Each structure stands twice: as structure tokens, then as C-alpha cells.
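**Q** Sequence:
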Amino acid sequence: MSQQTNKSSLLALAFAFTPLRAAEPAATATSAEDDAADLAKKLSNPVAALISEPLQNNFDFGGGPNDAGFRYTLNVPPVVPFQMTGNWNFISRTLVPFLFPK
Numbered sequence: 001m002s003q004q005t006n007k008s009s010l011l012a013l014a015f016a017f018t019p020l021r022a023a024e025p026a027a028t029a030t031s032a033e034d035d036a037a038d039l040a041k042k043l044s045n046p047v048a049a050l051i052s053e054p055l056q057n058n059f060d061f062g063g064g065p066n067d068a069g070f071r072y073t074l075n076v077p078p079v080v081p082f083q084m085t086g087n088w089n090f091i092s093r094t095l096v097p098f099l100f101p102k
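Under the working numbering, the first residue of the sequence shown carries the number 1, and numbering increases by one thereafter.
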């Protein structure tokens, strides 16, 4: 497999894990400002009931024999909160690494 094909495959894979959302109808300016303020408040709270899917890309060059190796790692650590009781939350953050090439 050529090096150009490997780069194209990695790029396609990175876009495959990017979450997509449908467009929402335009809201009034007041409700949009209220929504933005509410979202900012929830984002500043580490135990808010928000699911997030951050992606971390790592490119490692120069490994292996003759310093000619390359490795790409995509870390996917989704953060998923669960309401256990009125006072207890369980927050799952499982790190899932995808390594290329294997």
C-alpha cells in the first residue's frame, strides 16, 4: 500500500469519527442568547448532564529502525454522566485508542 493511500485512509477515518448534527431552525435573538448562556453555565459544571465526545489526535514520527517509522493514534474518551439518585451521579469516561498502523 502506498504512503499516499495510508494518508488518505487516515484522513477519511478521522472524519468518520466526527459527530454530525442536523441543522436546527433559526431562533429569536433573545432565546439564542439565553441558550448560549445556559450552555456556557452547563459546560463550566464538571458534573452537568452533558455527554461529550472529545477527540485527541497523536502523530508519532521517527520510530522504528532507521527512524523511519510512523504511528497515528486517535483517542476517543466519551464522557457520559448517569443519574444514580437525587444526590449521586456516575460519570463514565472510558478511553478508547485506535492505533494505525498496527
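Each hint should be verified, as a subset may be incorrect.
The calculated label-pair distances, taken between Cβ atoms and stated as ranges, are [what the hints assert, rightly or not]:
#1 Glu-33 - Ile-91: 24 to 34 Å
#2 Gln-83 - Leu-39: 11 to 21 Å
#3 Phe-61 - Lys-41: 34 to 44 Å
In case anyone wonders, no lab produced these hints; they're calculated from the structure. Note that the coordinates shown come from a computational prediction; the quantities given were computed from them, not determined experimentally. All residues carry an ideal CB built from backbone N, CA and C; glycine is no exception.
**Q** Checking against the hints above, which ones are violated?
**A** The structure breaks none of the hints.
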